[in-house]
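Colleague: Let chain A serve as the given structure and place chain B on it in line with the hints.
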Amino acid sequence: MSLNLFTVTDSGSGIGSANFRPAGTVVCPGCNGDVAPLETAGGWQTCPFCEKRLHIRLWPAIRRNTNAVVAMAEQATCFFHPDKAFQACCQRCGRFVCALCDLQLGAEHVCPTCFERGRVNSGLNDGKAEWRHRDVLYDSISLTLGWSWIIFWPVIVAALPAAIILHVKYRKAPRSYLIPRPGWRFWVAYLGFIWLPILLTALILLPRLVGGRP
Amino acid sequence: MQSAFLKISRVGNLAGGIKWYLSEDCLLAAKRVMYTVEYRRFYLRDLESIVVWPKRVWLLRAIIPGSLLLALAALLWQFANSTTGAVFGVLGLVWAGVELALGPTAEARISTTGATVDLPLVKRMRHARKLLAKVDAAVRVARGGAIEEPAVAMPAAQPATASTEIPSEAAPAAAPIRDLT
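As you go down the protein sequences, you meet chains A and B in turn.
When we follow the working numbering, the leftmost residue of the first sequence carries the number 1, and every step to the right adds one.
When we follow the working numbering, the leftmost residue of the second sequence carries the number 1, and every step to the right adds one.
Excised from the complex, chain A in its bound form (with noise of 0.2 Å):
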């Protein structure tokens, strides 16, 4: 499995490069043949070369035309390429943008300052969710702290007041995280510092309730 999800494991396939494959075609993970999908009943197929067993699901490439055009006299420019014609304007900052910088994020359009900026920014709005490539959880660390104590009990001391900042600090960060979760696992980590005086009281006073002793 690959360890960063940013991972690339190649780029490019236009003719000339050293990945070009026909059109309709995969490349088979196994021996880095070329190898056409087919209708069979199941689903899978076999690779012609290496005999890898394989699903594949094709899908025709959309391509974006991204040849800015060089301006005309007296025509709007981009903003960072003067000498190219103006194609769409930054719904974020206004900038005019041409074809190559102008980047499409579902129906929005911005340029690649702004683009870049959410990216960093990505905090936990809602309205950018489009930007959003990474969430801390607080509520599991608070999960974590309520009892992990238990492995190394002084630790409790600086382990509860740390589980009530988060809680009060993030109490809504769980709902705002691109896939919203409850915050049920603030309250758990309560439970975790709770339950071994609720055990120890329970333990002294029901021998006393039950023998009837003051």
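Note that these hints are calculated values from the structure, not bench results.
For glycine and all other residues, C-beta sits at the position ideal for the given N, C-alpha and C.
Heads up, some of the hints might be wrong.
In silico lysine to aspartate or glutamate, EDC-like type, Cα no more than 20 Å apart, as pairs [as the list claims (entries may be wrong)]:
1) B:K134 x A:E39
2) A:K52 x B:D118
3) B:K55 x A:E51
4) B:K7 x B:E38
5) B:K134 x B:D25
6) B:K134 x B:D46
7) B:K7 x B:E24
8) B:K130 x A:E39
9) B:K7 x B:D136
10) B:K123 x B:D136
11) B:K55 x B:E99
12) A:K52 x A:D34
The following residues of chain B were derived to be distant from chain A, with all beta-carbon distances above 12 Å [stated by the list, open to error]:
13) L60
14) S67
15) L69
16) L70
17) A74
18) L75
19) T84
20) V90
Modeller: Frame of chain A, contents of chain B only:
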């Protein structure tokens, strides 16, 4: 807690694993690393191919734990008592049997315009067809039916179809992703 993403697959491991989600415009990989989740989007408009194949070492998942449990069972039978040995022996056989019954584990390669990434899309090969059908349906909706049938029966040496040139302005269809499943 409404989410625009629909969970379609989970490939877990000891470190956390990857969950896969589908939305109206992208296939999302959410990889759990300790206390963070990293996201990677594969936009359906840019998706070119997905290839799934069986892992070569999947049998080791059955053989290694099964053998260890059987060896432990033999030791317990010999030096402790036969009941404990029998329990561990049955555990080993059940483990190996379940792994064999579930079938091969899978690897996957996802190609988009300009990038190819190896990420496990499904845990087991037997789930691949159903999952790829879901992704295929989502891609068709996202591209607004601008896809001809890409996979046609033909000799493997020839290309299946030519790439179609579609302008980026082609608007995606608005059918919700939940209707596909």
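Colleague: Look at each hint and say if it fits the structure.
Modeller: Outcome of the hint check:
1. For the hint linking B:K134 to A:E39, the alpha-carbon distance of about 17 Å falls within 20 Å, and the restraint holds.
2. In summary, the hint linking A:K52 to B:D118 is supported, as the alpha carbons are separated by about 17 Å, within the 20 Å threshold.
3. Between B:K55 and A:E51, the direct Cα distance comes to roughly 14 Å. Compliance with the 20 Å bound is thereby established for this hinted pair.
4. Of the pairs offered as hints, the one joining B:K7 and B:E38 holds, with about 16 Å between alpha carbons and a cut-off of 20 Å not exceeded.
5. Annotation: proposed proximity of B:K134 to B:D25 holds, straight-line Cα distance about 13 Å (limit 20 Å).
6. The hinted pair formed by B:K134 and B:D46 meets the criterion: a straight-line CA distance of about 16 Å does not exceed 20 Å.
7. At most 20 Å may separate the alpha-carbon atoms for a hinted pair to count; B:K7 and B:E24 meet this at roughly 12 Å.
8. With a C-alpha separation of about 16 Å, the suggested pair B:K130 and A:E39 falls inside the 20 Å cut-off, and the hint holds.
9. Proposed proximity of B:K7 and B:D136 is supported: the alpha carbons are some 15 Å apart, at most 20 Å.
10. Pair hint B:K123 plus B:D136 holds up; C-alpha atoms about 19 Å apart against a cutoff of 20 Å.
11. Between B:K55 and B:E99, the direct Cα distance comes to roughly 13 Å. Compliance with the 20 Å bound is thereby established for this hinted pair.
12. For the hint pairing A:K52 with A:D34, the CA-to-CA distance comes to about 13 Å; that is within 20 Å, so the pair holds.
13. With a least CB separation of 15 Å from chain A, B:L60 remains clear of the 12 Å interface cut-off, as annotated.
14. At the 12 Å boundary, the C-beta of B:S67 stays outside the reach of chain A, the nearest C-beta of that chain being 24 Å off.
15. At roughly 26 Å, the least C-beta separation between B:L69 and chain A is larger than 12 Å, which holds for a residue marked as non-interface.
16. The Cβ of B:L70 lies farther than 12 Å from every Cβ of chain A, with a closest approach of about 28 Å, so its non-interface assignment holds.
17. No beta-carbon of chain A comes within 12 Å of the beta-carbon of B:A74; the shortest separation is about 34 Å.
18. For B:L75, the non-interface assignment is confirmed: its Cβ lies about 31 Å from the closest Cβ of chain A, beyond the 12 Å cut-off.
19. For B:T84, the shortest C-beta to C-beta distance to chain A comes to about 29 Å, beyond the 12 Å cut-off, and the non-interface label holds.
20. With a minimum CB-CB distance of about 32 Å to chain A, B:V90 clears the 12 Å threshold, and the non-interface call stands.
When each numbered hint is compared with the structure, no violation occurs for any of them.
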